[in-house]
Amino acid sequence: MADIVIEVRGLVKTYGTQRAVNAIDLDIRRGEIFGLLGPNGAGKTTTILMLLGLTETSGGTVNVLGFDPVRQPLQVKRRVGYLPDAVGFYDHLTARENLVYTARLLDIPRREIDGRILDALKSVKLDEVVDKRVSTFSRGMRQRLGIAEIVMKKAEVAILDEPTSGLDPHATFELLEMIRGLKRAGVAVLLSSHLLDRVQSVCDRVALFNKGSVALMGTVVELANQVLGAGHPLQIEASGIDVAATLRGVEGVRTVTAESDGSWRVVADRDVRATVAERIVSSGGALTRLADLQPSLEEVYTRYFQEARHAA
Amino acid sequence: MPRSATPPAGRRREGSPFTGLGAVFMKEFADHLSSARMMVLMLFVIVFGAFPVATSLQTLRTVVDPNSFIFLRIFTLESEQVGISFTAALNFIIPLMAIGLGFDAVNSEFNRRTLSRVLSQPIYRDALLLGKFLGGLATLAVALVALWLIVLGAGLLLLGVPPRGVEVARGLSFLLVAIAYGGVWLAIAMLFSVIFRSTATSALCALGVWLFFFILWPQLAGALLAGLAPSEIRSLDEYVAVQSMGLGLMRLSPGTLFSEAVLGLLSPETRSLGPMLPSQMRGAIMGAPLPFDQSVLLIWPQVTGLVAGMIVVFAVAYVIFQREEVRA
Numbered sequence: 001m002a003d004i005v006i007e008v009r010g011l012v013k014t015y016g017t018q019r020a021v022n023a024i025d026l027d028i029r030r031g032e033i034f035g036l037l038g039p040n041g042a043g044k045t046t047t048i049l050m051l052l053g054l055t056e057t058s059g060g061t062v063n064v065l066g067f068d069p070v071r072q073p074l075q076v077k078r079r080v081g082y083l084p085d086a087v088g089f090y091d092h093l094t095a096r097e098n099l100v101y102t103a104r105l106l107d108i109p110r111r112e113i114d115g116r117i118l119d120a121l122k123s124v125k126l127d128e129v130v131d132k133r134v135s136t137f138s139r140g141m142r143q144r145l146g147i148a149e150i151v152m153k154k155a156e157v158a159i160l161d162e163p164t165s166g167l168d169p170h171a172t173f174e175l176l177e178m179i180r181g182l183k184r185a186g187v188a189v190l191l192s193s194h195l196l197d198r199v200q201s202v203c204d205r206v207a208l209f210n211k212g213s214v215a216l217m218g219t220v221v222e223l224a225n226q227v228l229g230a231g232h233p234l235q236i237e238a239s240g241i242d243v244a245a246t247l248r249g250v251e252g253v254r255t256v257t258a259e260s261d262g263s264w265r266v267v268a269d270r271d272v273r274a275t276v277a278e279r280i281v282s283s284g285g286a287l288t289r290l291a292d293l294q295p296s297l298e299e300v301y302t303r304y305f306q307e308a309r310h311a312a
Numbered sequence: 313m314p315r316s317a318t319p320p321a322g323r324r325r326e327g328s329p330f331t332g333l334g335a336v337f338m339k340e341f342a343d344h345l346s347s348a349r350m351m352v353l354m355l356f357v358i359v360f361g362a363f364p365v366a367t368s369l370q371t372l373r374t375v376v377d378p379n380s381f382i383f384l385r386i387f388t389l390e391s392e393q394v395g396i397s398f399t400a401a402l403n404f405i406i407p408l409m410a411i412g413l414g415f416d417a418v419n420s421e422f423n424r425r426t427l428s429r430v431l432s433q434p435i436y437r438d439a440l441l442l443g444k445f446l447g448g449l450a451t452l453a454v455a456l457v458a459l460w461l462i463v464l465g466a467g468l469l470l471l472g473v474p475p476r477g478v479e480v481a482r483g484l485s486f487l488l489v490a491i492a493y494g495g496v497w498l499a500i501a502m503l504f505s506v507i508f509r510s511t512a513t514s515a516l517c518a519l520g521v522w523l524f525f526f527i528l529w530p531q532l533a534g535a536l537l538a539g540l541a542p543s544e545i546r547s548l549d550e551y552v553a554v555q556s557m558g559l560g561l562m563r564l565s566p567g568t569l570f571s572e573a574v575l576g577l578l579s580p581e582t583r584s585l586g587p588m589l590p591s592q593m594r595g596a597i598m599g600a601p602l603p604f605d606q607s608v609l610l611i612w613p614q615v616t617g618l619v620a621g622m623i624v625v626f627a628v629a630y631v632i633f634q635r636e637e638v639r640a
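Going line by line, the protein sequences match chains A and B.
The first sequence begins at 1 in the working numbering and counts up one residue at a time.
The second sequence begins at 313 in the working numbering and counts up one residue at a time.
For the record, the hints were derived by calculation from the structure and aren't laboratory data.
Errors might be hidden in some of the hints.
Unchecked claim - Restraint-style ranges between C-beta atoms, simulated for each label pair:
| id | chain 1 | residue 1 | chain 2 | residue 2 | range |
| --- | --- | --- | --- | --- | --- |
| 1 | B | Leu516 | A | Gly41 | 28 to 34 Å |
| 2 | B | Glu636 | A | Asp91 | 19 to 25 Å |
| 3 | A | Gly16 | B | Gln555 | 35 to 41 Å |
Even for Gly, the Cβ is constructed at its ideal location relative to N, Cα and C.
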């Protein structure tokens, strides 16, 4: 399929007898933001390095934009931008000089270099510090400079390893906005993270890594259905009645559990909000809150690893 | 996958290993030349080089030297005040400069977390390592050429005679040998920068090797020779064999190769770098200089040894670097 930019089949990486990555399959499409989630040591970074040809694979195949990173790393690296975890720049050089070096490595024609660097720095709002040394930059600015490098490179795929780790909320917000900007420009973005709510807010699809394998893959809602069970969770706050008793027997309602005084959690097969509201009000209760709970990635993640631990 | 010696054709990588070499070289060269470290190293060299040169120039001005290679005497004259000739000072200083330029070549990239970012650009590790090596070597060459020109200029001014063509040729060859000698130490320093993640450890190890060759090796080689040589020397042949073995041991030190090559080049009357039998001296006019090409022939093995040492050490560093993981 033409718009699959990264295709991974049965990818394996072994260190001695240990399997860091164990037969994973991934498909990443053009123009989507794909999140790799999982605890530290689950094999996310190793997978990323294999996609770039920076680490040898132990088995399986990888295809990035039609090239094999093992045999054609230069072709892959020319088209893929990489922002490593806690990216480093040469502190004694300015933002511009750092990007000039990258541009030379990329063999960008000399007369284009200046323009492309300025455009890239403008797109990440660093155009005012073009000629400041990187040693004066904050962590957030360095990460943005890393994004600028990818923009300057005109990469078709951007691979970001923990792009928001160690950033304050505002810097994180700005960085995620820039990642969305990459997506708008048609770049496929692959990002790894453990900051779940952040990932949820930008990712179209995610893969959950556990011990070197992809445990779950899909949109956040699909994952929630798999892990938390299908259904619509509702949160109800009411006073003056016992909601659990009132809703017993309502069609579509599966379980009702009291969470705290005056607050219940309902799981239903479909959207039953209208019926539930009517039943509570007609029974004489005062309904103060009726909310459709969006499945949160955090919940999925926590629950999945709880179950994985129990199973183990 | 463990790298097999000959990968099957299907796994062989594509593209030139030298892609991006020019960019890496230019950056390293520019970085070195503008760095504070370079200033310190230059200061070091000038101070250490200037003393022997200044004193030998003074001596040469006052004494009528029968030697016709008066310019070369600036380099080799061991004056009484300083007790060390310019070339002996270089023998000692060049390794220090090379170590200073190379000890953090690779591990500093790692520690600054720039390595994975740079390697994610379309270059192979080959280009990065070679570019760094050549950048360091070029910097070293610039420093040595500058120093050489300063000495030559000072000689012109203070002696008031221009050097002869053959002296310039010998001087230039000396410069090339000095650069090759620097290359050996640069390769050693870079080897440690590949092996150790900590720049302090790699600097210590490189300096340790330097001290070992300068202080311990002469004694150790003597002790080894005493152990290996027969207890009683019965014939001339045996004596010569023991002497050659001793020389062979000493020549494992790059410093010995450098000083022998310098001796052959800058003291044209040198006829042999090993023991010489009276029979071999038959017909020779004592103290007469050898022609330039004969001197080059004489030191050729030493120069080959230096270049080979440089290549071998670099190759080891290269192999280790290829196998290293880039992740933190």
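Against the structure, the hints:
no. : hint                           : in the structure
1   : B:Leu516 x A:Gly41: 28 to 34 Å : holds (32 Å)
2   : B:Glu636 x A:Asp91: 19 to 25 Å : holds (23 Å)
3   : A:Gly16 x B:Gln555: 35 to 41 Å : violated (51 Å)
Checked against the numbered hints above, the structure violates only hint 3.
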